[in-house]
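With these hints in hand, go ahead and build the complete structure from the sequences.
One-letter residues, chain by chain:
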Amino acid sequence: MAFPFPRGITPPEIAFLAEMEQVTIVPRQRLEGLKLLGGPVEPLLPPRRATLPLWLALLLKRQRRANIVPPSWLHPEALSLILEIETQHSDYQNAFSPPPPLPGQPSVRDRETQQTPVAVPRYTQDGERYYASPPFLPQNVARDYIPPGEPPSLPYHWLEVGNMLLDAASDDLVDPDQTRRLLKELREVRMAKFRAGTDVLDAAAIGGGGVALTGVGAMEIGEGRGFVTGVVDGLRKIGASKEQARREQMAEDMANGGYGATQDDDDEMEF
Amino acid sequence: MDIDDILASVDRDANIQTPESAILDHQLLTRFWVAERAVSELLPWPASLMDRMMERVRRQIEAIEDLAASSADPTPTTNTNNTTLNLKLSILQTDLARTQYLTRSLLRQRLAKLTKHSMHYLLLISPNHNSQPTQSSQSSQTQQQQPEDSVPTPDDMSNTSPLSPQETSFIHAHQTLLARHYGSSFLGAFPPQLRRLDDNAGGTSMVQGPEGKEAVFVRCLVDEVGVVVPPGDGVEEEMVGTGMRMGDVWVVRWEGVKGAWERGEVEVL
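Taken in order, these protein sequences are the chains called X and L. Under this note's numbering, the first sequence has 43 at position 43, and the numbering climbs by one with no breaks. Under this note's numbering, the second sequence has 98 at position 98, and the numbering climbs by one with no breaks.
FYI, nobody ran anything at the bench for these hints, they're computed from the structure. Just so it is clear, the structure is predicted and the values come from calculations on it, not from any experiment. Honestly, I wouldn't trust all of these hints.
Calculated lysine to any residue pairs in the SDA-like style (CA-CA distance at most 25 Å, straight line) [stated by the list, open to error]:
1. Lys35/X - His120/L
2. Lys213/L - Thr214/X
3. Lys35/X - Thr30/L
4. Lys213/L - His120/L
5. Lys258/L - Asp233/X
6. Lys88/L - Phe16/X
7. Lys88/L - Gln63/X
8. Lys258/L - Gln63/X
Shown next as structure tokens:
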């Protein structure tokens with residue numbers, strides 16, 4: 001057939017997407033700037049740092065033309081802190097640790113002070129609004145200055161970027177063995193949470209309802225996609241006649257002029 | 001060609017050249033590809049985005065060919081010069097291959113959706129198609145009724161959304177061939193009134209469309225987006241269910257966030 005793959009991007013495609021993340025490198029040789037289809041690449045002048053897409057950084061690294069500066073979260077200290085949040089923190093018993101904020105979104109620390117997020121759109125050439133999101137946010141570049149008190153967080157493509165850097169650039173990382181072990185532990189903890197969340201999936205099978213997975217990683221979605229969509233669609237088909245009856249009842253109530261808040265009172269569920 | 005066309009082409013040329021537009025278009029194409037792969041129905045064809053991308057790919061191929069030709073030049077060049085040239089070439093070619101992969105995967109996914117629900121999309125883009133032959137013509141035509149007669153012809157080629165014009169002609173040719181094949185292999189042996197491919201006898205249409213209620217993963221990109229329940233089952237108005245906050249990732253029904261996706265307020269993961 002024209003296309004044999006199942007719906008939703010498959011793990012190799014997620015890895016392909018993760019390779020678009022921007023990372024910081026220290027070049028070992030000069031290279032003039034290039035005009036790529038994904039945007040221009042700045043000229044490489046050793047020893048000045050440069051920011052490149054991950055696939056290009058890996059290509060240069062494999063040819064020993066550059067060293068990759070690991071992102072701040074890919075450090076044993078930051079990872080053990082995240083692992084602690086995932087396992088010990090009472091707020092995240094049934095949820096993933098908070099993701100890095102999107103542009104315009106206050107960081108987790110400031111969220112209690114009720115700062116409202118302001119999403120600032122860019123405009124496409126067709127005049128539509130566009131809000132940037134991973135892999136096109138600088139979540140994996142090395143940062144010189146991290147504001148004190150800002151908790152480390154796992155970016156959307158953490159598992160893929162972490163593994164690719166461990167494979168190709170382990171000599172550039174701080175303590176690669178410890179990092180590998182922590183990544184594995186994080187993965188296990190988070191997959192256990194993902195599986196434990198199966199119980200509340202029926203909330204997504206109702207019209208207007210949904211299940212929150214905030215903080216989930218791309219590869220974790222890729223792994224669970226078949227199962228989650230399968231369960232939700234199965235539950236929807238089982239409950240279809242019930243839902244239709246409820247809708248018809250509601251239509252009748254509305255026709256009689258009395259539609260109260262009988263619906264969607266307890267749809268909000270997190271795990 | 002009149003003056004407006006020339007001005008428009010100059011304008012487009014200027015826009016296509018800026019690095020910002022290249023970055024933005026690349027991000028848009030990537031996001032669209034992810035969405036097209038995740039959603040059950042065919043998404044509207046982003047004509048101008050694809051035109052710009054194809055134009056850029058064409059220029060990039062030219063640039064790579066020029067560079068390759070200069071490296072093959074027998075003029076004496078120093079060795080170091082040649083290695084950087086080879087490196088540059090391999091980077092450019094990798095980048096090109098990545099973009100071509102995106103485009104190819106996108107188009108193949110669209111073709112797969114189109115062929116799976118071909119009659120549905122053909123009916124969608126031919127609003128004037130008469131699904132059942134009228135009473136008067138029925139008596140005279142029933143004897144010659146062939147399966148391909150039920151294939152609707154897209155009459156208005158200027159508005160084929162969500163299909164691109166090329167996809168429209170593909171799907172029409174595809175369905176006509178398929179209907180003819182069905183006709184010669186087994187439908188021809190049936191009574192004429194049972195030969196149609198869009199029969200809706202008994203109130204059940206045999207044309208199946210994609211399921212809009214299937215679950216998708218989305219990320220909310222603005223302050224707040226509500227999951228809607230579209231009108232149906234006797235309830236005429238749209239209702240808003242759960243609210244998603246900025247940065248949240250949710251599993252929801254596709255029909256509940258389709259409008260927000262069209263406004264760019266959520267992205268499909």
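Hint by hint, which ones does this structure get wrong, listed from lowest number up? When the structure is compared with the hints, numbers 1, 8 turn out to be violated.
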